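Peer 1: The lines below spell out each chain.
Protein chains: 2
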Amino acid sequence: MSAPELALVLIGFGRVARRFVRLLDETSDRLAFACRIVGISTRRHGSVVDAAGVDGRRAAAVVEAGQSLDRLDPAPLPRSGLDALRSAADRAAGEAAQGRLVAIESTVLEIERGEPAVSHVKEALEGSMHVVTVNKGPIAFAYRELAALAGRVERMLLFEGVVMDGVPVFNLVRHTLPAVHVTGFRGVLNTTSNYVLSALERGQAFEPALREMQARGIAEADPSLDVDGWDAAAKTAALVNVLMGGAITPHQVQRTGIGGIAAADIRDAAARDRRIRLVASARRQGESVAARVEPEVLDRRDPLAALDDTENAVYLRTDLLGEIGIVQRSGDLTQTAYAVIADLSAIARGLATGVVR
Amino acid sequence: MSAPELALVLIGFGRVARRFVRLLDETSDRLAFACRIVGISTRRHGSVVDAAGVDGRRAAAVVEAGQSLDRLDPAPLPRSGLDALRSAADRAAGEAAQGRLVAIESTVLEIERGEPAVSHVKEALEGSMHVVTVNKGPIAFAYRELAALAGRVERMLLFEGVVMDGVPVFNLVRHTLPAVHVTGFRGVLNTTSNYVLSALERGQAFEPALREMQARGIAEADPSLDVDGWDAAAKTAALVNVLMGGAITPHQVQRTGIGGIAAADIRDAAARDRRIRLVASARRQGESVAARVEPEVLDRRDPLAALDDTENAVYLRTDLLGEIGIVQRSGDLTQTAYAVIADLSAIARGLATGVVR
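Sequences listed follow chains A and B, in order. Just so we're aligned, residue 1 is where the first sequence starts under the working numbering, counting upward by one. Just so we're aligned, residue 1001 is where the second sequence starts under the working numbering, counting upward by one.
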C-alpha cells in the first residue's frame, strides 16, 4: 500500500483552517498520506485555485497580513465558495475521478439554515469530492440528505471536528462500537459557556470571561451563538442525526442559554454543593427524539458536574455497554485542526485498502 | 461484500465465554458476520471439537449443570487447550487458510508468567488463526512477541476486553487517533477495588463488599489478584505495551494493593474532602516507562475521584489532543462478552474488505 496523495480544496480559511495547514506540515512525517492544496476560498480575502499546488503556509501568512489570496492565483477571479469548488473540480478532475480530491468546509456556522455550507457540501459531493466539514451546519441541518448523496456518489462525508474537536465521538461509535445502539446522551459541549460558568464560580464577571474566550479563538465570532445555546444545539442536532438516526435541525432542540444566569444562582447552587452546567441531552421518545440544551443544577456526583473551564464531555447511553463517557480535558485550535487530519487519514486508509475507488 | 462466516475455537469456557455465546445469539441480527463454534476447551469440564459445529447454548447448559463437554463430542478425547487448538486447526484447515478461523482465549489470568494463555495464543497464530483474548496475560506478558508473530502469519491479534471490558480503549487509539502519540495515562481500572473502596466510604466492611463482587462474577476467582493490585498491574502493563510501545510485564509495575487501607484512612480523606482510589498510571521516563498501581488520596477535582462503585476510566495523555478520558459507568459480564463481539466484527470487516486474506 503506497501513501496516497490527496488534493485539498479549502472552503473557509479562518483560524481553524490556517492552524490545520500548519499542523499538516508539523505532522507530515507521521501521516500515511501526502497532501497538495489546489484551492482556497474565503469570504473576505479572495481565493486561489491552482492545480499545481498552493503553498498553505504562505497562504496563511497572506491572509494574516490582511492581504488577498488573489495574489497567489495565476489567473485571479472573483469567486464564491461554490465557484471555487467548481473550478477545482474542473482543474483536478483526474484526482476527483480517482477519489483523491477532498473539500474541507470550515466556514462560519450560520444558524438559520446552515447555509451556504450545506450547498458547499452538496456541490463538492456532486463533483466527486470527499468532504471533511468542521462546520456544524451541514450535519446539524441536512445530515440525512447529504449522507445519502455521499453514498450515491461513493464518496466519504466526515465531520469529527463538529463535536469536541478532534476527540473522537462519531468515529468512536462508527469504528469501535459495532452492533451497539445509542439510545440517548448527555453532555457539556459548548466550551465558551462552560468557561463562563466556571469564571462566575470564581467570582469573575460574565463579560470579561466571554471576551477571553473570543481572544483565544474559542468563542464563535458572534458570541450569542455560544451564550444563547445555539452552538450546543447545533452539536446536539448533529449527534441526534448521526448517532440516533434522527432528522432534526438545531431549531427543534429545546434551547435555553446561559444569558439568564446570575452570580446569585451560581452562589445558591454552590451553597447546596451543586454546580450549574449547560447540559445538552437527547433521549428517544416513542418514534421521535427529545433533544434539549439548558442550564442544569447538578449534584456533585454527576460526572458532568466535574467539568471545569474548557473541559467537554459526552456520555452516551447504549443498550449493550451501558453509559460510556468520552472526556476532552482541554480544547484549543490544534485539537479542532487535528480533527481534519483524523478525517483525512480515514479517507487515505479507504484509498489504500481499496474501500474507496 | 457478503457476510463472512467465522469458525470459533473457545479456549476457556467460564462466565465470560458462556455469556459471549448467548450474546452472539441475541445480537446475531445486527452483526455483519455469522459464527460457527468448532471447538471448546475447558480445564475442568472436558472439551469438544466438531468441525460440523457445536451448539454454544447447549454447551453452556452442560457446563452449568456440572457435566462434561465430552458428551457433545462425536469422538471424545482428553485434551489440553493446546491439544484442542491443534485439533481444531487440523479439522478446520480450510477455514484457517482462508483467515476465517478464530481462537478466543478466556482462561483465567495466571500472574507469574501469563501461562498457558501465552502459549495458547502462539499456537493459535501458528495455526493461522486470528486471536481474540480477554485474558490479560498474553498482552501483559508477551505483546511484542505475539504481535510480531501475528504480523508474520498475517493474522489479527485483538484484545479489547483486556481493559475496561467492551468499552473501547485499544480500538479507540488504533482506529480514531491516527498520528497521535500517547505519552502516559492515569486510570481506575480494577472494578473490585473501586467497589470495595466505595463500600468502605459508605461505612460497610471490606470482606462483605469483596464477596459481593465475587458473587456478581466481577472479582477474579482468586480475589487477591484484585485486592493486591495484580489485575490493575496486568492492565497497566497491557496499556504500556500496546499504546506506549513498551515491553514490560506486570512484575515491572510498581504495585501496592488496597489491602492495607483501613476505614480510618477513608474517614481521614473524607474529612479533607478527598477520596482514596486505586490509581494505575504510566509515564515516559527517558527511554523507559515508569508504571505504577497504588492507592492515591485524590482531590475532589481529580476526574478519577468521581468514579464510584463499578465505574472505571482511563485518561490518556497525548501530544496533539491533550488529555482524553474514556469512562465506563457500569461493568458486567455482558460488557466483557461484548468486547469479543467487537473484536470479531473487526476481523469480519477485514475479511469483507480484503484486508485479511
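Simulated from the structure, these hints should not be mistaken for lab results. Among the hints, a few may not be true.
[Said to hold, decoys possible] Each pair of labels, with its calculated beta carbon distance range:
(1) B:E1287 - A:E115: 30 to 38 Å
(2) B:Q1098 - A:A215: 41 to 49 Å
(3) A:R267 - B:V1108: 47 to 55 Å
(4) A:R301 - B:V1297: 14 to 22 Å
[Said to hold, decoys possible] Chain B regions said to be covered by chain A (calculated; three or more residues, Cβ under 8 Å):
(5) 1025–1038
(6) 1218–1231
(7) 1293–1307
Everything numeric in this text was worked out from a predicted model, so none of it was measured. Even glycine gets a Cβ: it sits at the ideal position worked out from N, Cα and C.
Peer 1: Indicate, hint by hint, whether the structure satisfies it.
Peer 2: Hints, verified against the model:
Restraint check, E1287 (chain B) to E115 (chain A): a C-beta distance of roughly 54 Å breaks the suggested window 30 to 38 Å. Distance hint check: the CB atoms of Q1098 (chain B) and A215 (chain A) are about 59 Å apart, inconsistent with the given range 41 to 49 Å. For the pair R267 (chain A) and V1108 (chain B), the supplied restraint of 47 to 55 Å holds, since their beta-carbon distance comes to about 54 Å. A hinted range of 14 to 22 Å holds for the C-beta pair R301 (chain A) and V1297 (chain B), which are about 19 Å apart.
Judged by the Cβ-Cβ criterion of 8 Å, the segment 1025–1038 of chain B is covered by chain A as claimed, because 4 of its residues qualify and three suffice. With a threshold of 8 Å between beta carbons, the proposed coverage of the segment 1218–1231 of chain B by chain A is violated, since 0 of its residues qualify and at least three are required. A count of 4 residues in the segment 1293–1307 of chain B with a Cβ less than 8 Å from any Cβ of chain A is obtained; the coverage claim is therefore met, three being the minimum.
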